[in-house]
Every structure is written in structure tokens, then in C-alpha cells.
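J.: In case you want the letters, here they are:
2 protein chains.
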Amino acid sequence: MTSALLDALRATCGAPNVLVGGDLSAYERDWRRRWHGKALAVVRPGSTAEVAAVVKACAAAGVAIVPQGGNTGLVGGGVPDDSGTQVLLSLQRMTRVRAIDAANLAMTVEAGAVLQAVQEAAAAAGLLYPLSLAAEGSCTIGGNLATNAGGTQVLRFGNARELCLGLEVVTADGEVWDGLTGLRKDNTGYDLRDLFIGSEGTLGIITAATLKLFPLPAAQTTALAACASLDDCVALLNLARARLGAGLTGFEVMGRFALDLVARHFPALPQPLPGAPWTVLLEQSDTEGEAQAHARFEALLGDALESGHVSDAAVATSLAQSKAMWHLRESIPLAQAEEGLNVKHDIALPVSAIPTFCRATDAALQARFPGVRLVNFGHLGDGNLHYNVQCPEGGDAKAFLRDHEHAINELVYDAVTAHQGSISAEHGVGALKRDELVHRKSPVAMDLMRRVKRALDPANRLNPGRVV
Amino acid sequence: MTSALLDALRATCGAPNVLVGGDLSAYERDWRRRWHGKALAVVRPGSTAEVAAVVKACAAAGVAIVPQGGNTGLVGGGVPDDSGTQVLLSLQRMTRVRAIDAANLAMTVEAGAVLQAVQEAAAAAGLLYPLSLAAEGSCTIGGNLATNAGGTQVLRFGNARELCLGLEVVTADGEVWDGLTGLRKDNTGYDLRDLFIGSEGTLGIITAATLKLFPLPAAQTTALAACASLDDCVALLNLARARLGAGLTGFEVMGRFALDLVARHFPALPQPLPGAPWTVLLEQSDTEGEAQAHARFEALLGDALESGHVSDAAVATSLAQSKAMWHLRESIPLAQAEEGLNVKHDIALPVSAIPTFCRATDAALQARFPGVRLVNFGHLGDGNLHYNVQCPEGGDAKAFLRDHEHAINELVYDAVTAHQGSISAEHGVGALKRDELVHRKSPVAMDLMRRVKRALDPANRLNPGRVV
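Taken in order, these protein sequences are the chains called A and B.
By the count of the working numbering, the first sequence reaches residue 456 at its end, each step adding exactly one.
By the count of the working numbering, the second sequence reaches residue 456 at its end, each step adding exactly one.
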């Protein structure tokens, strides 16, 4: 049975693209090394027709499929389980840019294209594909869409979902749905596109996508602002939105302890506002030019200083300074890793609820785990915090996690639920949060999701055990 | 059986809200008077709990439900068939603004709230809800979401879909799905929200929604530009996008004959660019003020004049002039109605394909129906044209439609399909285009849609005969 399937896969994709022996850990282990499975085979189809044939062969053999892009996910959604019975289907050979239609501000790319290559292909055509995130050098656009990736430009441009016009998907039956449209408007039936986006490979396998492009901004400028509290950060956000409109493309917040960790582990990085309880990074993208963008930043921050929401500010006057500001923000996860193990949360809240949530949850964590350290930073403009919990100074991180990770998660997620938030803002569900989801979503929502799953994948063969 | 159901509905909603006699044409007939059905009863629940109870009662009696908002739809999706067996469920009593969260730029309203009331409630809080369309004085937000309405601000803000954060929906079983979230990011499972949006009441009944709000722009300015061809219009669009970025909130195109009809039937309306083969209406929304917006328009149009894409232009210098320009655009459908019956098409195309599509389709129509007149106008920035066909000058419009409507539709829709377009950009499918859809969508897409319908409404009790 298995050998017949392997023969069929080899006949479809060529023997070199059906891997069964040797070190397959690049496919079988996630990059944070939290999951390590065992695949029946790793299959690397080179075309949509080959993906469809692989799905049909696996369906005929009753074998489950785990689709994988760049394997940069954070929730164990793209690696096989340890049963040795699942076929890992890697999209990495399907990297073609099929078309760029500049006058329609759209491009069609295959699912295995690396995000950075997509950005570069758009830029080569004088256009912008705005999705941007830490893993962009190795994550794929198919994975970005399957997980509805977020990143640093969501405030202006939306998540991966909002940046997609159409999809090509191989269904659980091995049929090809050609939904590759370049249309901005199309009300001819149910929104299949958005059903597949964010479904983490459990409803179909995304093989290509038509993406929205934008004119390249003439200038991008960055500023830092020091705030005394998260209330001040939210006030600054709303002032910036009103004054800069869609020109405000980034609004990141960084807690004092997060930046102290950066100072400890990367002392060479300049910190322009060293004493700030909260530091906000603002980014402005402009169609006119740097002089105007600077003038707008100066006016905005001047008013925020006067109204007391900001106590100090620094506007980048060069590209190097802008990059250094972003580098500070991007160094937080690295500094945190240097400091040691921690409990990560990728949560979303209504922006208006963030100050209350943090006050209440910080206090509850301190009361229950005295001395615990909070690395709090994230995309405040989207209501998305990376609210991470580190053991007390000098403590044994491993033991702390072993003893308290579960209780910390429960405490934080209960607070998130109480504030109408989400326990997964941008990372998805995967294997990591599947069981938790049942407790956090309503029975009606779970029932609707299960009905959809059964309708589109009745044999439960696409990424089983993930999401629902 | 029927009387038991009516008793149950009266017990739920109160007898005055269960209408069975008298003139019910306001509910049973669509406003264009193309469909006139007969309802078993018109039920007007006053709360989500009442909607759920009505759905349960109808399910127990095996009776189908047609949900209705403001009854302004254009595709016969909101009126009952003529069997006298369907319950018409009107959401018009559920008009409450449940909450406005200004710091989170979100508001929650009930489905029966009239769009204009929603816009006004947002404005009263100093914020903008951007959805705007001709029927806004009577259409409801529930209907807007059920049909994924478009309108004049899609270029910047997207369709109703993109302006919605969360929904409350009564399912086919009469359960309430509370998906009223104010979150910008939430990757905890399948995108149920977007599945219900645009499903035209066939998968569930939207009872409330949380909507995205935006800061009010400081200034809105309008300009008209004369172009020799649609190629020039597309060139101007892309120049305007690059120069104005997200400040470009409207880009409407109006063909010569469309404006000639306005001149014929509304001679008092000023036409600043009377000889233009194509007239573009540009709208700019600005966070700074009118002076800057004017300067940007002058620079943009100056360059477009120099490059030859524009032959003449007029920038509005007062609010009255801006309104007059929009009035010109909005008068086209009215002028067309004065001129007589016509065949309407609400099509979408990739923006880049519009000039070729129009050249080819105009010529094909002229060849087949000599002297036929094309009223071509619409939201060029979104690739959405209202491409309407009027009988030859002095002809018998009624006879022309009777003899040729079907052939005209076939010709136009074949051309749309050949150019990768959509036969319904913003009006939906309803009863009007349901049969056509089967010919225009792939069997794979139709199969996926039917699976979803069966999964969520297995007894086919929600708006049967519509969409799928």
C-alpha cells in the first residue's frame, strides 16, 4: 500500500522530489524546535497539476497531507505528527512570479515564493507589496496566506487577507479551484477566498495567489516618542491617526523592560529615549517627500508634548536613523531569547482596552508570581501585543516554565477573554492552540467551523489535528 | 400547521409585528418593480432573541425564510417568491446603535439601522463610516453586509466587507453566533465573518455588526478631468494613485453619451467640460486642509495636461462646486431612466483590461445592434463599470428589450468572461443572476459553494433559490 503510493508520488513529481530517507528534519521539525514529527514521505511537487495529482494519490491511499511553505510557523501547524503516516507536501519548488499587471496594481505568484522575493519583484516593477514580517527572508507567500500573517504594516494595509485578490487552491478531492482574479469587486457568490485564507491548510492547499500592489511611497520616515503610560500611547495613536490619516503606516509600542533587555544584551544599539516607561515607534509613508513628512511629524509630536501625552521625542533625520529605530524594535525578541526561556503570547485586544488589560493582568501576574518580568511590546495600532512572561531575575527559567507555563497561559488568556480579545492575533492556531480554542470560542462558532471542515474535507485528510 | 406557526410568531414578536393581510407590497415587491412575490407572513422581530425564535419556529414548521433589510436590492434577493409559503423576516425594527468605541475606531449597530443613520452616528462621534451609496437613505447596514455593498468610496476604504470587524448572526438552526469583535487581528479559526458577508441571507441572518470607523478628513475636494480615451483615464488613475496615495478616495468615469443624457434631461446642471469624450471625477480626502489638497490637485492635473492624458480640467473651489460635480455623476442613472428602459450591467474587470474590453464590446454591440447607445459610467478606480445598453435613438425601448435583452446580456457577459471579469461587481446574485452564475463560475467553485450551503443550511430554509 505505502510502496504503491510512493511509486505514484515518484511518477508524479519525479523520484528526486519524493524524500523518504536521510535527514528530513528541515521539514519535520519547526524552526523553534518545539515539534519534531516523522513523515511518511516529503513530496515536493513542481506545479499545481502535480499538487492535485499528489492529493488524489494520497486520497486514494487514505493518507493525510500536511502542507508546508517556509516552515517558519510558530504554532506547529506545518510539521507532520510523529505517526510516520502523513505525507509532508512542500510547496517550496513552486516559486514562479506568473504575472505582474502594473496598471491593475496586481501580481500573481506561486505559493512557494519567498515573501522577500515577492516584495522584490513588486519593487522591480516600481510597486509595493506591503506585507512585511520578521521571517520574510524564508517564509512563503502560501504560508503567509494560509496563516493570514500580520506584521508591521497592518495598521495601513491590513493582514495578508486584505492584501489578496484571488487564490488558486487544490481541494481535498484533488480538484483545482482557479480563483485567481485581479478584481477589486466581485459579488458572485460565497467568499471562498477568505475561507481558505487563514485555514492553515485544513480546507485546501493554496498553490498560487493574486496579490494587491500599491504605488511605492516617495518617503518613509520614522520617529520615537516617550510616553508615561499606555493610556498616553493610545491617545498618541488616535492623534496620529487623525493628523496623518493613511500616511501612518506603523505604530509599535515597546515597554521599558523590553528595551532594558535590549540594552543588556545589545549594548551597542543606541537608545534615544533611555528613561521612557513606554516608547512608541511611529512610521509615516508619504507620497510627497521627506520635508513634508518631517514637518508633519514635528507638528504632531509638538502638540503631543504640549498636551502631555508625550514627554520626549526623536524624529529620524536619515535613513540610517530610521533603520536604527526599527532595529531597536526588532531586537526585542532576540534580546528576550538571550535572556532565556519565556512564555510567549500573541494576543489582540480592542485598542481602547489595552491600558486596562495591561494594568489588571500585570498586577495579577505579579501577585501570583512575585518578581515575574513582563516583556510587553507589539503592534499597538492593531491592538496586537506580544505579551511575554519571563521568570524573576536570576531565576531558573526552565523550572519556572515547567512549573508555571500552564497557569500563566490560563491567567493571561482568561484576562484576554474578559476583555473581548483574541488568544491568537497573527500566529494562528495550528497544533499549539487547538485544544485551547475549544474553551475560548463559543460552541456555536466551533460547530460552524466543524461543519465547514466536514463539508470541504469530509475524510479529514488535510492537515488533520490542526485548527478544528 | 400554518396557523400554529402564525400563533408562535405572534407570541414571539407580538401580533402587530406579524402581518398577513392588507397591502404588503412594500415588503413583497422590490423597488425597481421587477419582482412581486407573496409572503406567508411578514414578521418584524425586535431583537436578536426574537429573530432566533422566529427561525426556530419556521424550522419546526418546515417553512422557508427570506430576510429583508431596506428592500433596495437590485437582484431580487430580498423579496419572497410567489408561492405564498415563505416568511419574510424584516430587520427594520432592529435599528439600535449598541456602542461606539471611539478609541478603538469601532461601532456596533443592529442590522436594521439605515446606512445614513450609521454614517450620522459615526459623524456625531467625530468619526467617519465611509460606506456611501445611492440608496443610503433607506438601505440598511444588514443588507449592505449581506450583499457586500460597494459604492463610491471603495477605492480607498474597500467594500462593506473590508469595513466590518465582526458580526452577530442567527444560524439556520436558530442559534446565535456572537462574532461581534472589535479586533483588527484575530487568527483563531476559519473566517466565518466573511462567509456570511455577501451570502445574501442564504447562510444565516445578520442581526448586528461591529464596523470600522476612521478619523473624519479635514477636507474633501473634487475635480473633473477631460480625457480623450479610456486609456488616458487609466493612465490618469495610476498617476493619481502614485501622487495622492490613500488621499485619492474617489475616481469615477463618465462617458460622453451618459453626460449627454444628463444634459438632455437635466439641462440646468452645469457641465464644466462639455466636449470631453470621457470625464473623470476625482475626489481627494485630506487630513491637512483645503489649500494643500488644491495644490496637489493642481500639480497632478498640470502634469497630466502636459503629458497629454488630460485635455482640460476643473478643480472645485467651493463645497457647492464639489457637490455639483458629484450631482452630475449621480444624475446619470436618473437621466437614463428618463430616457427609457435599458439593459443594465454591473460588471467588474481588471482596471488594465477596461479600455480593450470597452473597444471590443462597444464594436460588437454596434455590429449586432446598429445604432445602439451605450451609457457607460462607473467606479473606474475599482474596475467597476455600469455598462448599460439603450435602444437606438427614437426606437421602441420596450420592444428592443423584449427582443434583444437576452442576446445583449450574453454578448456582454461573454466579453466580461473573456477579459477575466465579473458579471456582478457590487449588486450580488439574488434571483436575477442565479442561473447565469452556473454558466460563468467553474464547476469546482459551484461545488464548493453548494457544499458550504448544505453544511450551514442543510434543509435549504434560508432564502432558497438565491445565489446557489
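Do not take every clue at face value.
Chain copies aren't distinguished; within one or between two, either way the pair holds.
Capping the alpha-carbon separation at 20 Å, the derived lysine to any residue pairs in SDA-like fashion look like this [to be verified]:
(1) Lys429 - Glu150
(2) Lys332 - Ala348
(3) Lys386 - Glu327
Hints in this document: simulated from the structure, not taken from any laboratory.
J.: Give a verdict on every hint.
T.: Taking the hints in turn, this is what the structure says about them:
In this homomeric assembly, Lys429 and Glu150 never come within 20 Å of each other (Cα to Cα): the closest approach is 23 Å inside a single copy and 23 Å across copies. In this assembly of identical chains, Lys332 and Ala348 lie within 20 Å of each other by CA distance solely inside one copy; the values are 18 Å within and 58 Å between copies. Taking the shortest Cα distances, Lys386 and Glu327 sit within 20 Å of each other inside one copy (12 Å), while across copies they are farther apart (79 Å).
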